[in-house]
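Number of protein chains: 2
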Amino acid sequence: MGRTSDAREKIITAAQTLIEQRGYSALGVAEICKAAGVPKGSFYYFFESKEALALTVVDEHWAAQRREWTRILGADAAPLERLRRLFEATEEIQHAGQQSCGTVSGCMFGNLTLEMSNQTESIRGRLQEIFDTQVGMIDEIVTEARERGEVAVADTHAAAASIVAQLEGQVLFAKLYNDTGRLSPLWTNCLAILGVTALPQAVAGA
Amino acid sequence: MGRTSDAREKIITAAQTLIEQRGYSALGVAEICKAAGVPKGSFYYFFESKEALALTVVDEHWAAQRREWTRILGADAAPLERLRRLFEATEEIQHAGQQSCGTVSGCMFGNLTLEMSNQTESIRGRLQEIFDTQVGMIDEIVTEARERGEVAVADTHAAAASIVAQLEGQVLFAKLYNDTGRLSPLWTNCLAILGVTALPQAVAGA
Numbered sequence: 001m002g003r004t005s006d007a008r009e010k011i012i013t014a015a016q017t018l019i020e021q022r023g024y025s026a027l028g029v030a031e032i033c034k035a036a037g038v039p040k041g042s043f044y045y046f047f048e049s050k051e052a053l054a055l056t057v058v059d060e061h062w063a064a065q066r067r068e069w070t071r072i073l074g075a076d077a078a079p080l081e082r083l084r085r086l087f088e089a090t091e092e093i094q095h096a097g098q099q100s101c102g103t104v105s106g107c108m109f110g111n112l113t114l115e116m117s118n119q120t121e122s123i124r125g126r127l128q129e130i131f132d133t134q135v136g137m138i139d140e141i142v143t144e145a146r147e148r149g150e151v152a153v154a155d156t157h158a159a160a161a162s163i164v165a166q167l168e169g170q171v172l173f174a175k176l177y178n179d180t181g182r183l184s185p186l187w188t189n190c191l192a193i194l195g196v197t198a199l200p201q202a203v204a205g206a
Numbered sequence: 001m002g003r004t005s006d007a008r009e010k011i012i013t014a015a016q017t018l019i020e021q022r023g024y025s026a027l028g029v030a031e032i033c034k035a036a037g038v039p040k041g042s043f044y045y046f047f048e049s050k051e052a053l054a055l056t057v058v059d060e061h062w063a064a065q066r067r068e069w070t071r072i073l074g075a076d077a078a079p080l081e082r083l084r085r086l087f088e089a090t091e092e093i094q095h096a097g098q099q100s101c102g103t104v105s106g107c108m109f110g111n112l113t114l115e116m117s118n119q120t121e122s123i124r125g126r127l128q129e130i131f132d133t134q135v136g137m138i139d140e141i142v143t144e145a146r147e148r149g150e151v152a153v154a155d156t157h158a159a160a161a162s163i164v165a166q167l168e169g170q171v172l173f174a175k176l177y178n179d180t181g182r183l184s185p186l187w188t189n190c191l192a193i194l195g196v197t198a199l200p201q202a203v204a205g206a
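Residue numbers (full-length UniProt numbering), protein chains in the order written: chain P, 1 to 206; chain V, 1 to 206.
Incorrect hints may have been included.
In silico SDA-like links for lysine to any residue, alpha-carbon gap of 25 Å or less [claimed, not checked]:
#, chain 1, residue 1, chain 2, residue 2
1, V, K50, P, Q21
2, V, K50, V, T13
3, V, K50, P, S25
Think of the hints as simulated: they come from the structure by calculation, not from any bench.
Computed from a predicted structure; not experimentally measured.
Kindly produce the complete structure, drawing on both the sequences and the hints.
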C-alpha cells in the first residue's frame, strides 16, 4: 500500500514539474511516467486520463497556495500590511523557483489559463473557481481596509479583481524577462488601484 | 509565382488561427499544412522549421497590431483620450474575435509568453522586443500627458509597463471567463496607475 500511494505521488510531482516547465499540451503520459519512474500501467490505475491528472495537479497546487494565502491574509496585522506581505511572498516564491530551476516559471494557473482555457472546459471551470476564490480573499481584505477608512474604492470586488489581474500581468512579465524584479511595482500599483493616498504608519514603514 | 506566394500566405494564416485556438506546442507541421490546404512538401520550401513559422506569425501579427496602435496613439487628440481609445479598440477586437469563433482568444503575445518563453529563446527574445515596443509607445503618451500636467507619475516608463501588465492581466481574465466585459475596468485602473484624479473635459466625457 505504501508503494502504491508513492507511485501516485510520484506521478503528481513529476507532472507538476513538467507542466511548470513545458505546459500541458506538449506532455505525454509516457513522458510523465518516465520522469516519475513508474511503469506506464500504473498511470491508468490512478488517473483516468491526462486531463484527470492535470486537474489533480491544479487542485494540489491550489490547496498548498491557498493555505499560504490564508496564513498570510489571516495574520494579526493591519489589512493593507497583510496584502503587502502577500505580494512579498509571491515575489519570494518566484525568486526561489528561479534559483532552483534557472527560470521564472510564473503562475501555474495563469499559464494554464492562457494555454488551456479555450480547449478543456473542465480545466477552465477549475481555474475560474480558483481565481474567484483568490479575488474573494483579496476582496475581504479590501473591505476590511475600507471599513477602517484606509482605502477609497466604491466597488471592493472590482478592485480585488483588478489587483489579481495586475498580479497575473506582472508575473507574466517576470516570466518573459526571467526577472522577479518585474514584480516590485505590484505594491505601488495596488495602492493606486485602491485609491490610497496616505498609508497608515505600520504599512508605510515597510 | 502567384500560386507559390499563395501557399506561403495560406500556411501563415492557418498557423495564426491554430496558434490562437490551441497554442503552439500541440501543433504539428502536418496539421498546419492540412488546415492550409497545401502539401507538406511546400512547408519546408518556405519555412526552415515550425519555430521559424511561429516567428513569422508573431511578426506579421505584431506588424498589423503595431500599425493599429500607431494609428490610434498618433491621432489628433489629447494624449489620455488616445490611450482610452486604445483600450476601447482592444475590447472591440477581443469582442469581434469572440463573435467569430465563439471564444475570447486573448492576446497572442501573452499566450505565447506563458506557453513558450521558457522553452524557446528565439520566441522569448521576439516577445520581449514586442512588449518593449508596446511599453515605449505607452510611455510616449504618458510623458506627453505629464508635460501637460495631466498625470502625476515620477517614472513614466514604469507606469507604462504597469499599464501593459494590467492590460495583459485583464485580457487573461477575459479569456478565462470568455467575457470581454472583464476588460471594462482597464481605463479606470489605468487612470489610477497614472495618478489622475481630475480628467480634462475632452477625456472625461467619454
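- request: Take a quick look at whether K50 of chain V and T13 of chain V sit within 25 Å of each other, Cα to Cα.
  value: Roughly 14 Å between the alpha carbons, so the hint for K50 of chain V and T13 of chain V holds.
- request: Please work out if K50 of chain V and Q21 of chain P have their alpha carbons no farther apart than 25 Å.
  value: Holds, at roughly 20 Å.
- prompt: Within 25 Å, alpha carbon to alpha carbon, are K50 of chain V and S25 of chain P?
  reply: Cα-Cα ~16 Å, so holds.
Hint violations for this structure: none, all hints satisfied.
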